[in-house]
Amino acid sequence: MRTRFSPRKTLLAMALLLAAGCTEKLIKEEQPVPFPPPPSEPRFIYQRSIRGVVDFRRVTFFDKLFGVSVTDDLSKPFDVYASGDKVYISDTGNRQVLVVDLKAEKVQPLGEFGADALQTPTGVRGAPDGTLYVADATRKLVQVYDAAGKVVRKIGSGKLTNPAGIALNIELERLYVADPKTHTVKVFSTMGEFLFTIGAEGGGGDDGQFVFPTFVAIDRRNGNVYVSDTNNFRVQVFDKDGTFLRKFGELGDAPGYFQRPKGIALDSEGHCYVVENVFNNFQVFNDEGKVLTWIGFGGRRGPGVFYGPSGLYIDEQDRIYVVDALNKRIQVFQYLNAAWKQQNPALYDELLSRSKAP
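If you're matching positions, the sequence shown starts at 508 in my numbering and goes up one per residue.
Since the hints were derived computationally from the structure, they do not count as laboratory data.
Where hints are given, some of them may not hold.
[Said to hold, decoys possible] Listed next, the in silico SDA-like pairs over lysine to any residue satisfying Cα-Cα at most 20 angstroms (straight line): (1) Lys835 to Glu536; (2) Lys535 to Arg602; (3) Lys535 to Pro549; (4) Lys613 to Val560; (5) Lys747 to Arg807; (6) Lys647 to Pro635; (7) Lys666 to Thr645; (8) Lys754 to Asn729.
[Unchecked claim] Pairwise CB distance ranges (calculated): (9) Gly805 to Arg861: 19 to 27 angstroms; (10) Glu678 to Ala846: 34 to 42 angstroms; (11) Leu758 to Pro543: 19 to 27 angstroms.
Heads up, the beta-carbon is just placed ideally off N, CA and C, and yes, glycines get one too.
Kindly generate the complete structure, drawing on both the sequences and the hints.
Rendered as structure tokens:
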């Protein structure tokens with residue numbers, strides 16, 4: 508039996524095939540948002556959020572026609588580290604470190620299952636050669652991965668009780684680990700040798716005493732060590748060998764005060780950024796501990812809107828990565844330093860014109 512040719516059916520089939528092939532990203536490209544908002548002069552811009560696979564997912568005509576389900580890649584992110592186009596996110600809820608390649612638009616977990624599988628990954632930091640250090644609170648150690656994602660050594664077994672945030676001094680080849688349950692910061696060589704302890708338990712406000720320190724950061728300019736002394740509601744600063752230098756912050760509910768300081772980092776100019784978990788923001792301080800500005804407030808969506816933020820990292824271009832933990836995303840900001848202004852004159856002029864508009 509001969510089948511009769513139907514132009515109408517053929518055209519319909521071709522249209523459906525074309526529609527199936529036409530895709531667009533589920534998450535639309537975001538526009539820069541200045542902080543502080545106009546009419547103030549912009550000092551930071553919000554660039555984007557990172558959620559995982561969903562950031563790169565493309566939807567088809569049929570997805571739009573029949574609906575598309577969106578699942579969260581992140582469960583309970585804790586800390587973040589970035590190098591080049593790759594962002595590493597420790598996720599205590601999913602018991603893994605998620606590696607997000609922004610250029611290749613790929614997402615994959617770090618490492619393998621088995622004896623070296625992560626249980627409660629917390630702090631995450633890396634070295635220029637691609638080596639990655641991941642603290643595991645349950646296993647009470649820091650696991651070290653090579654650039655290929657293979658475990659090459661373990662640090663802190665028998666010395667750590669509850670490792671949280673970590674920091675690297677690349678020049679000195681040192682690893683600093685906040686250990687909240689012992690109320691100390693433990694210092695190791697990057698090859699695993701235990702070197703010394705910073706601090707001791709104490710809630711009376713004495714210098715060098717901690718109550719549940721959670722995050723630690725290194726000033727790239729001089730190697731000074733900044734510690735979020737979370738339950739003492741302050742930041743303490745030490746030199747590279749653990750000698751107390753200064754402190755700032757106290758309990759309060761206004762900018763410059765703390766209730767639960769967490770993630771901490773420094774930009775290229777020495778400004779100190781501290782995540783305030785209760786205020787749902789991050790605050791920026793100068794060298795003397797004076798608050799300069801703050802960004803954020805509590806909520807579920809939008810640039811600069813946080814819900815239970817925790818870790819924070821600043822890369823060498825002064826991009827600021829903030830773990831918006833309970834919103835299951837990383838928010839990325841850019842500090843508008845002199846180099847950025849020179850590289851982006853048109854955008855900066857546009858931001859300035861917005862701030863001056865009536």
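Problem set entry | Hint numbers contradicted by this structure | Hints 2, 3, 5, 6 and 10 not satisfied by this model.
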